[in-house]
Each structure stands twice: as structure tokens, then as C-alpha cells.
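Engineer: Residue strings, one per chain:
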Amino acid sequence: MTASNPPLSKLCAHCKTVRAQILRPKTHERLCKTCFTTVFESEIHATITTHTLFQRGSRVAIGASGGKDSTVLASVLKTLNTRYDYGVEFVLLSIDEGITGYRDDSLETVKRNAVQYGMELCILGYRELYGWSMDEVVAQIGKKGNCTYCGVFRRQALDRGAARLGITHVVTGHNADDIAETVVMNLLRGDLPRLQRCTSIVTESASSPIARSKPLKYAYEKEIVLYAHYKQLDYFTTECIYSPEAFRGSARSLIKSLERVRPSAILDIVRSGEAFAGMVAERPGGGGGSEQSAESGGGCGSGGGGRGAGGEMADMEKELVAAEAAKGLETEILMPGKRRKGLKGQQTPKVVKEQVMGNCRKCGYLTSQEFCQACALIEGLNKNRPRRMIEVDGEEVGLNGGVEGLSLR
Amino acid sequence: MATIPITVEFSGGLELLFSNQRTHKLQIPAQDPSGNPANIGFLVSYLCDNLVEAKRKDLFVMDGTVRNGILVLINDSDWELEGEDRYELQGADNILFVSTLHGG
Chain A
1 MTASNPPLSK LCAHCKTVRA QILRPKTHER LCKTCFTTVF ESEIHATITT HTLFQRGSRV
61 AIGASGGKDS TVLASVLKTL NTRYDYGVEF VLLSIDEGIT GYRDDSLETV KRNAVQYGME
121 LCILGYRELY GWSMDEVVAQ IGKKGNCTYC GVFRRQALDR GAARLGITHV VTGHNADDIA
181 ETVVMNLLRG DLPRLQRCTS IVTESASSPI ARSKPLKYAY EKEIVLYAHY KQLDYFTTEC
241 IYSPEAFRGS ARSLIKSLER VRPSAILDIV RSGEAFAGMV AERPGGGGGS EQSAESGGGC
301 GSGGGGRGAG GEMADMEKEL VAAEAAKGLE TEILMPGKRR KGLKGQQTPK VVKEQVMGNC
361 RKCGYLTSQE FCQACALIEG LNKNRPRRMI EVDGEEVGLN GGVEGLSLR
Chain B
1 MATIPITVEF SGGLELLFSN QRTHKLQIPA QDPSGNPANI GFLVSYLCDN LVEAKRKDLF
61 VMDGTVRNGI LVLINDSDWE LEGEDRYELQ GADNILFVST LHGG
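So the protein lines, in turn, are chains A and B. Just so you know, the first sequence maps onto residues 1 to 409 in full-length UniProt numbering. Just so you know, the second sequence maps onto residues 1 to 104 in full-length UniProt numbering.
No lab work stands behind these hints, which were simulated from the structure alone.
Using 25 angstroms as the maximum straight-line C-alpha spacing, the simulated BS3-like pairs for lysine-lysine come out as follows: (1) B:Lys25 with A:Lys231; (2) A:Lys383 with A:Lys144; (3) A:Lys111 with A:Lys231; (4) A:Lys143 with B:Lys55; (5) B:Lys55 with A:Lys144; (6) B:Lys55 with B:Lys25; (7) B:Lys57 with B:Lys25.
Note that the structure is a prediction, hence the values are computed from the model and not measured.
Next comes chain A alone, as it looks inside the complex:
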């Protein structure tokens, strides 16, 4: 009990003995720190068990950036694994983009977390994987559009890191706010296939042998930050120096403004997204995972910043293909007289749409093209390396050269 006896209305709604300190955005309940921590953990446990995310005896990698979401994820999973005896071995998997002054600091946080949580840590660098660090990419192509590279590289890097560890399941720290943002973005873009996929808690894609899941899918960002604060977790915050103003900005502010007016809005949007997914017809081939990026640049360490921008730009390449797939589904909704034409047109994209997955001729990564996205980007970069040294007037070489390389795809 606190020194002065607070009135009943100020007490925690659960234990009714201690003063409430948190207003839960999800339920509007007033809770004390201890009850909040317990409730937060048990809800994530419920998410995990309802969706049978983990198998006893398996090894699962946690995509760890050192930021709040992945740090809370690692901490909660450590707690739950002990409390409920999941029998899962968690490993921290970090990607080093090679951004001086940004990633090197957050990696120090991950290293401390590995010790704190007694987890193995694997750090994999872009330089080691692709021969290019992000610092070098930016030096080559400039600050515009570098998120494309980072997004494509990161997605593969997590897969490659997991494969190296002999792991087939990576969990990421995406929270309810992130998913609500993605739902809104996909809705505004009219991107049905991605709208269908973005809410699923487990993403298994034909283009990747590694499954991804999001145990914090129903956890509010507010509660994640409060949990980290009350548990005094060691996390790192900064913006990616190459992407200070996030692309997600507008969707993000919309979500945050909605939350201010009506906190349940975030979860409502996530649920709406799930409902939409049920309404969108299954694509031929099933699973809907025939595209390369099953989620928009998922697992980006810089959260709002690089994640959005990277995913957005990286997805551009697939945009046409996705639009085509959606077209087939959209015409079904239009009922008027022109229907016959619609029907005819409808059949072609469906047949064309079936992507045959093969291996990248260069690196062996799964892809529907001759070369995977990363190899295509690297080729563009490498091509420009000598040109840059020859041309004294560096101005146009940087940007234009990089885009040239891209347009080959």
C-alpha cells in the first residue's frame, strides 16, 4: 500500500490494493505496474499458444536490432520460455547494415542483451554477405533510394542468418501499431494481396524457406514502451542516419492520432485487416506467398524509419506484378454489363500470375526471376564502381548510375 490511502477508483482494477499507474489503451483498464506486467506477458503467451507458434525442442531466431520492440520481445520470450516451459531455444540474430554511428551502437546493446538473457548471438553483416556495407552503398548512390538496397538486403540477410544457424523460424518485434499502419497503407494503395498477408501472424513464403512470425502482433507500442520502462530493459533508440524522415510518417501519425481519440482504434484496424484477409479470395497456388517480400521490409532495425522506406522502395519492383494479381480479383467485384469482357480479361492474369520459383543463378537464393533482387542490386552497384573512379565529374554518376542498374530488372 502507498502511504496515503487512494480512493477505490484510483486502485488497480485487478489486485485492488495498489494505486493504478497505467491506463491500458486496449481495454481502458487501470492497472498497477505489477498487474500490468503480468497481463502484458500473459497476453503474449496466449497469442503464442493460440497460434501454436513454437514447437518443443526447436530453435527459433529473434530478429534483434537493439531497439525497444525486439528487446521487449527477447525479454518476454525468455520469461515465458522459463515460466511455461516452451522448451524452445532462442537465439538472437542481428543484421549489421554497416552504418557507422548507428548500427554499431545498437549492436553493443544487442551484445549486452545476449548476456542478460543468456542467448546465443549471431551478427551478420551486409559487407560479409554482399560485399557492400550501407555506408559504401550510400557513398556510391547517394542518400536517395538507398533504402531500397537496405530493405532487399535485410530480408535476405535474416533468412541467410537463420539458415546459417540451422533455424527455420524467425520471430520479429512487429507490434499492433506497426500492423495497423501497414493495413492502412495497403488499403490506401488498394493492394489486396498484401493487405491479405500483412495481418497474418505467421508468414510463410514460397520465396523463402524461413517462416516469420510476430508474437507482439496484438501488443500496443505504448505498452511495449511502458513494459521496457518498468522492467528497466536496456534498449537503444536512434533514427537511421540515412532515413531520418520516415516514409511511414503519414500512416504513422494517422494511427497515433486515432489512438489519441479512441485507443481501441489500433486493434480495431488490425482486426479489420484480418477480416479483409478473409474476404480476399485465395490466390492460385495457395498461401499467397508467391511474391518475394512477404512483408514490407520486415525486421528492419530502425523501425518507423528504414523499415517503411525500405519496404516501400523494395516493393516497387513487385508492384506491377501485385497489381496484376489484384486486377483479376477486382473485376469480380464489378457486376455491370461489361462483365463478359471482364471475365475474359480475368482469366489471363490468373494464368500468367503463377510464378515459378527457382534459384538465383548467382547465389542460389529462391527467386521467381533469373537473379534474386539482392544480386540484381549488387550487379548494378559493382558496375558503377569503376565508372565512378574514371569520371571526375562525380555528380551524375552516383544517382543515375545506380538507377540505371536497377532498371535492368
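Position chain B relative to chain A; hints supplied.
Structural biologist: Frame of chain A, contents of chain B only:
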């Protein structure tokens, strides 16, 4: 003029807007310009006038109040339980501003 001693903390990336310093011990005027007891709303405008890095002020306030996505804890309690910006400051209060907007 009477002042109130309080501690203001910034985290989650907000410290970058306040001379990269997490904790600030401040003496806040006990009353706002219209003579009302100093509350969180007044504190926020005080911080904007005196402490925040001027050109990045927009990352801290929006439409005259704390930007959406920034949590405020008054003595470790959610400000939503304390009346938000109408909470009247008491001596030795600890006010923490945490941004949820930065990377995860």
C-alpha cells in the same frame, strides 16, 4: 517569483532534442502567465521556450500539446490517469517524456 523544483527526463530518442541529456533538474515558475498554478500544459510550453532544440521542436509538440506517440509519466504513472496536461505540478515531481516513435 516562486518556483517549483522538478525533475524532467527524456528518453526513447527525445533526449536528442534536449541537448542529448536525459535528466534535467529545473525550477519552474509556480504560476503560468495568467496566474494559474503551473500544470503539465505550462511545463510543455516552458520546455518549448527554454530547453528544446528550436528547429526540431515539432518532434516534441504538435498543435500546442505533446505530440501523439510521446508518453508522459508523472511520478512513473501514466499521465492519462492524472488529468494529462491539466495536472498541477508539485515540488519534487518527476516528469518523464518517452517517445514511442523511434526504431524498434
